[in-house]
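Undergrad: We have chain A already, so just place chain B on it with the hints.
So the protein lines, in turn, are chains A and B.
Number 442 in my numbering belongs to position 442 of the first sequence; there are no gaps in the numbering.
Number 844 in my numbering belongs to position 69 of the second sequence; there are no gaps in the numbering.
Lysine to any residue pairs mimicking SDA-like chemistry, simulated, CA-CA at most 25 angstroms apart: (1) B:857 to A:19; (2) B:921 to A:14; (3) A:702 to B:835; (4) B:857 to A:20; (5) A:281 to B:806; (6) A:11 to B:863; (7) B:857 to A:12; (8) A:122 to B:803; (9) A:11 to B:866; (10) B:921 to A:708; (11) A:281 to B:805; (12) A:11 to B:922; (13) A:702 to B:917; (14) A:122 to B:804; (15) A:192 to A:178; (16) B:921 to A:714; (17) A:11 to B:925; (18) B:857 to A:31; (19) B:921 to A:712; (20) A:7 to B:863; (21) A:649 to B:921; (22) A:305 to A:179; (23) A:649 to B:898; (24) A:487 to A:20; (25) B:921 to A:705; (26) B:921 to A:20.
Don't read these hints as lab results, they were simulated from the structure.
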Amino acid sequence: MKKQRLKEVSKGVRKVDALGLATGRALYTDDYAEPGMLHGKILRSPYANARITSIRTAKARALRGVEAVLTWRDLPRIPVTTAGQGYPEPSPYDKFILDKRVRFVGDEVAIVVARTERIAQKALELIEVDYEELEPVLDVRKALKKGAPLVHDEKECKVIIPIPYEPERNLVARVDASIGNVDKAYRACEHKVSGEFENHMSAHSAIEPHCSLSYLDPNGRLIIISTTQVPYHVRRIVALAMDIPVKKIRVIKPRLGGGFGGKQDIVLEPYVAAATLKTGKPVKIRMTREEVFVSSRTRHGMVTKIRMGADKAGNIKAIDLYALSNTGAYGNHGLTVACNVGMRTLVMFACPNMRFTSDVAYTNLPNAGAYRGYGGTQGILPTSGAIDILAEKLKMDPVDLLLKNIIKPGAEVPILNELGEGATTGSPRIGSFELAACLKTGAKAFGWKAKRRRPRDTGRFRRGVGMAPMIQGSSIPFIDMASAFIKMNDDGSFNLQMGATDIGQGSDTVLAQIAAEALTVKTSDIIVYSSDTDLTPFDVGAYASSTTYLSGRAVKKTAEKVKELILDVGAEMLKADRNRVRLEDGKVLAPGARSVSLQQVGTYSLYEKNQFQIAACESSFSEESPPPTAAHFVEIEMDVLTGKIRVLKYVQAVECGTPVNPVLAKGQVIGALVNGLSYALVEQYIFGPKGRLLNPNYDYFKIFCSRDIPDITTIFVPSYEDTGPFGAKSVGEVCINGPMPSIANAIYNAVGVRMRCAPFTPNRVLEALRKNGVT
Amino acid sequence: MMQVELTINGIRKTFETQPSETLLELLRRNGYTSVKFGCGEGACGACTVILNGHPVNSCLVLTGLADGKSVETLEGLGDQHKPHLLQEAFMETGAIQCGFCTPGMILATKALLDGNSRPSDEDIRRALDGNLCRCTGYEQIFDAVKAAARRLRAAKKPKASSK
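This is chain A alone, in the form it adopts within the complex (with noise of 0.2 angstroms):
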């Protein structure tokens, strides 16, 4: 494919929803209200691990003003997973919406609804429950370790797919992948490199708190305005979790505050439905600030280890790598995230000999779930750290050992194949790739060798730089499907109807700039809806960086087909050959310079002659997954008194093929970078010996603000994926992945102490150097 003249495509065109978000007056879910509506609160576990014995609400119904309170008892008891998938998921089925065991501190354990927000909190606490408190296993080191507590011991725990899952020894999956030979390989490197690496659970933390309004329509039907990046997936389980058809499901995402992932899972949805259900009335149920941080989602810790090997020459040909993954409480997205450990690092190296192996585990800690990044952010802290300390042996600089061993763009992948999500993988051969582009760029434009040549600093205060390469992936292959409806209005402008799910990251802005790309139209000629399960086709919704590529290929395509109909009417218009038509500029054109305006094209197609609806409805499905890639280069500052870090400069170099709008890709890459020095430097989570969370609160689990911004760079390398929509990939995940692994390699350089074990706070920084003497 050539790449063609853009007239909207590539252009930095303001969003489409900015005027209602910058003067306040966008919809949330938070802003809907009900006539009559009532309030819904959970109460939670107490202890990470026990059964209820009794559960007795009658003093809390008996509180003026409560409406309900629902138990296990008033639930169907079915295994659901909520990790929000394409059916059938790769997730367990391990999930009741209450059940008579709780599994972490901060588990589900009954629902109160009343009149307000206040008398619901009051009654939460007259619920009077008896635990039998069983033992936790809260580190997941131990959580595979024979006689190790169970967390899950109920028989219908189930996978409904055939992937490996066993939890009578809290296994929730396993990925075991090769190509080549592995040992063999590494026995004979010149030179190797074998160490363990820790990445820590964290926190999405979008601003707006999970919400869920639900309430029964004239007709009966269940409507559930929600905070979800996956409308189709909530209405699918929400049938499933309450055993009523899809049919009398509708559910609708206004505007949202941010998800990074958070809102894939499905974490509030069931819980108002069943309100709703029992009382016949409308439910909101807005989580606080500290069962978001408890009780919704969190990054996969992971413990990782690496063996890497290369020749004399730096050409690496042994890469083995294990991941020892904790997905807390319930098993969401354990096999996905763990695999992408592997995809989004072996991918990039043209190494003949590469193993990829993993166990997921239960523990009695928060569930976590997908979170941008999911598994690449996991992968690179040790595959950078390797390339790190293998460049030292071979007294190479790392970029140029990366430049040698990186695959090329075309190369056949054959690692895909044995890395797929538990399903067939895409095509093995990689289109558009230029990691080796960005790695010059960022490296020239940070200054990358003089800065790495200067002498180790000797005083209080040393300089250290550090860098890593990173690519994710753009949808999942032959799973993601995307679909979009485009209809002609009177006046030349159109209606796209689309299941892709904005959740503030500018899809709606993006998918009407393709739209309006192949229209030949202005971006503010398209009217975007998005997403509402009774009115926009089905899209699997927003993760795995699937919509600028997968639902934009939906649209280009209905744009498309659109297209052909406009020029069916200009030609019967224009009375011309219909093979001699053309679109341009937003006007049907024939031979001898004739023309009719989109506007005549609509007004004539509704109300002028064989009047008929110029509209179009077209699907995408996804059989590769083009990665985007980057180079992060970091400067840090250590205070080895104090082992704080300050970073002085941070340079990426992105490729993204066509940045469809490049102020939002912009935003993108920098809002995923600074998540990931946040993520690296300050963020943890801090839990009590028996599993209780201790710093549920912006007060102690800090996330960046304003005043913690560096200075950044940003730098767009220009490629062309032949089979994205204009050329473009996607954009959102991958450089939340740099930060945390160059630090750790800045560190090294900056003090000689490799740092292996995240977050870089200052007490574990300060505790690194006492421990290797240098302060």
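TA: Relative to chain A, chain B alone:
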């Protein structure tokens, strides 16, 4: 039950309230939904309003403490028909992604620029440090504040000369 009198966006109004009700709850209950609940503990800034000229977290202000005072919310700044310069600046620089922190950010920016028409980078970072954003990484918000400051200065000039 008690009554408070508030001047919201220039209009004086009387509200029934409870001593334990926060200004955030009162405002949202009465349709000022640009004021967002983000944390309820004064840490995220999504509920920022300008109270007697100062940006505050309305989740920490009990309604009794706001009695007799003036409250500015984003609804008072500009609307879809005629957005304010500040809102225009936020729309054009990529400063808005999900938009949930935007009302608070714009009000914190207004409070800054009302007292400082030429803020330094450090002034901007300080002024916004109580308003968390998880989407943008802040850089394009800084761009918006600078653009807004420039436009406000430009808008003031011709008026001053015509007077």
